[in-house]
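Protein chains in written order, with this note's numbering: chain Z, 10 to 243; chain G, 44 to 328; chain C, 41 to 370.
What the hints contain is simulated information worked out from the structure, not anything from laboratory work. Computed from a prediction, not measured in an experiment: that's the story for all the values here.
To spell it out: a stretch of chain G is covered by chain Z in this simulated footprint if at least three of its residues, at any positions, have a beta carbon under 8 angstroms from a beta carbon of chain Z; those stretches are:
id	region
1	195 to 208
2	213 to 222
To be clear about the criterion: a stretch of chain G counts as covered by chain C if any three or more of its residues have a C-beta under 8 angstroms from a C-beta of chain C, and this derived list gives those stretches:
id	region
3	124 to 134
4	137 to 146
5	149 to 160
6	306 to 320
All residues carry an ideal CB built from backbone N, CA and C; glycine is no exception.
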Amino acid sequence: MLQVRDLQAGYIRGAPVLRGLDLDLVRGDCIALMGRNGMGKTTFVKALMGVLPQISGSIRFLDQEIAALPPYRISNAGIAYVPQGREIFPDFTVEQNLAMGRIGKRKQRNEPVDFVYDYFPVLAERRKQLGGTMSGGQQQQLAIARALVGRPDLLLLDEPSEGIQPSIVQEIAAILRRIVEQEKMTVLVVEQNLDLVRRLADHVRFIENGRIQSGVAVEEINRNPAMIGRYLSV
Amino acid sequence: MEMTVLIGLDAASYILTLLLVCIGLVIIFGMMNVVNLAHGEFFLLGAYTVVLLQQYALPFAVILLIAFVVVALVGLVIEELVIRRIYHRFLDTILATWGISLALKQLVIVLFGPGSQQAVAPFAEPVAMFGITYSSYRLFVMGMAILITAATFFILFRTRVGLTARGVIANRQMAACLGVNTRRVDRLTFAFGSGLAGLAGAIMAPLMSVDPQMGVGFLVPAFLSVLVGGTASPLGALWGAGIIGGSNSVVAAIWTPVVAQIAVFSIAIVVIRLWPGGVTGKRKR
Amino acid sequence: MSGYSRQLTVLFWAALIASPLFLDGWNLGLLSQLMIYGIFALSLAFIWGQGGLLCFGQSLFFGLGAYAMALTTKDMIPGIPATTLTGLGLAVILPAVVAGLLGLALFKGRGLYGAYFGIVTLSAAVIAERLAINWSYIGGFNGLLDIPPLRVGWGSWQTELYDPLPFFFVVLVAALGIYLLLLRLERSAFGTVLRGIRDNETRATFLGFETAEYKAAAFAVSGAIAGLAGALFAVQFAFVSPAILGFALATEVLIWVAIGGKTVLLAAFIGAVAVKSVENVLSDTLGQYWLLVLGLLFVVAVVLMPRGLLAPFLQLPLPRALRLSGSKEE
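Excised from the complex, chain Z in its bound form:
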């Protein structure tokens, strides 16, 4: 459903962070993207969402070229984004935050959002609470729920474990796994946290110097954790 070919992207003209990245995703894939800091993980997700100033190459999603589209069109094409740092709307209530997730989408605009409360009961209890007053873990759940109400085909998660205590990370990983299975969601998650990756992903791809270098199934990592060091340590 997603084919990325020779993607070059970055923040400044002439200094691309991604240098000819190729990646294929099939519907139902749940892939973790790992790599050391500065290798282009976040840049890649941002390039997919169309928020980078410099981009060239091809991104095909559901038979549509999206590399040149503005972010709102990409979102409407069916890609949802949970950014690093969550970026929820702190002055909006939980309900309003969720409303923002489908407000720009013609098809989903009038549909109920209640199904996400089944996955995230903690949000159901706090519908009227301001997003900014919640804990980091709750905000992360809100950001994921906000992405889901738009009924995306592909979910992009950037460092969902960042700044969240381990027990909550496990909980979030379990919820995400349930969502992947029940909603038949395709997921691409950028992550450093091996625990979350092992609980959530089926496959791992490693990014290095702006390219996807190799990939393995998660079972492989489970069998041989040492191999991860090759990609993640300096």
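Could you slot chains G and C onto chain Z? The hints should help.
Chains G and C in isolation, oriented as in the chain Z frame:
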């Protein structure tokens, strides 16, 4: 006693008029971070629309609606041609809208001449209340100011469009990534704020001499109100209009309008010194 | 392009100095008037281009200078002798003090900046105009007439500069002197700090600079120069009116400087001279359309050429002391 009532009513009238002028300004300034110095000319265009349309014996309510739409469309065009190119250059928005103000004013002079025109109030019978008589049209203007402010707040805080606009203001990139067409929101917000200025001009037209300079008179008190009230929330317009309009009317009633202006300016500077973000402003930076 | 900026700058001033050879008295008078506007534009370009302070009420200082000159030389201020020198002195000092105090009031502590500064200065100018209209001692709406010409000399030998030629040279000396003074200031340590504040005030504060005082000082310098321009204006026209304090003139000077280029002094100066000359030529043929065209031109310049039309050609190279490797002037 009658004197006090009269001064009170005049003060209320001035405050609410100022509020009427400010509300569009605060929308554009606070939500889009654009200082629109052409606001006075949008006001002017609204007033001239009334003068023009009254020749065709249309109902006044229809004329007001048309004035809103016409000026909103002008705002839309200006947003598309000029403003969208300079959203990220804050100071340049003042300069560019300043130039637009100059050009629009001159356009009105070219089209209608520099002289003043007269708009007719749809009703003018004085009403007796609290032992005095007061212009019924002034009372209508006051009612409209309250109504329009309430409607604006309702749209911003109780509707989907308002939520979208506030979401874009809070985090433009995230809103775009959630599927919101931010360009469309910009256009609508600017057009809405412009339309409000036009509506204010249309409502005020029967009370003023409609001439090319009429927008300037409101520009300074309106901007001082925005500074004093702050732009973090549209509530700032309420505070600003209250403080600036109230002190202006009271001082003008006791001394002279010039003293009032100087007093108001000094008050504004003091308030801005104490609350740099305005009375409603957040204490950031 | 800026390779010839030095030659162009010298050429421009040389042409001005030589202009009495080609121009008759009437046109010299016109040129003096244009140079006065040029001085006024310099005052705004300094505060705006170097200090980043967008002053929407520069006419306030111009008008203060003009009124100070008029009132002094007409012997209307008790206790101050009615001479050219005291008039000029007051026309420089009064606006400088007003600007300095206003600057301190606005910038000290959690200062206000950007748009707020513009709105406050605009309001100040509008209110000053209203005040002058309603103050009958200084002429009210009609302003002051019969302002005496400049008087130079010592003791018993005194002469009045009625003729256009000596007045032209006075204005030329003032213009060139102020240009060189501002250029020197711009290229001094003071100017460097000012640009540092313009580009990033927080950083300048962290580096230990009292940014409020720097900005207020620059504002005072700018006010003084605008006041001098106003004084010369009052002398040349022998007439001042409240209009020169207000809104319309404040707008004009902004347009000149924006079109010429705010960061380059000479560009702003020529911007004033050029726009005013074109106006003299075109306002008859275009009539009411002239202001429409000027307004639109201004918008285009702001949106598409924020550096101004002339600045790229007249940007002087940095002095050697400020030329670090890799540094470039904005």
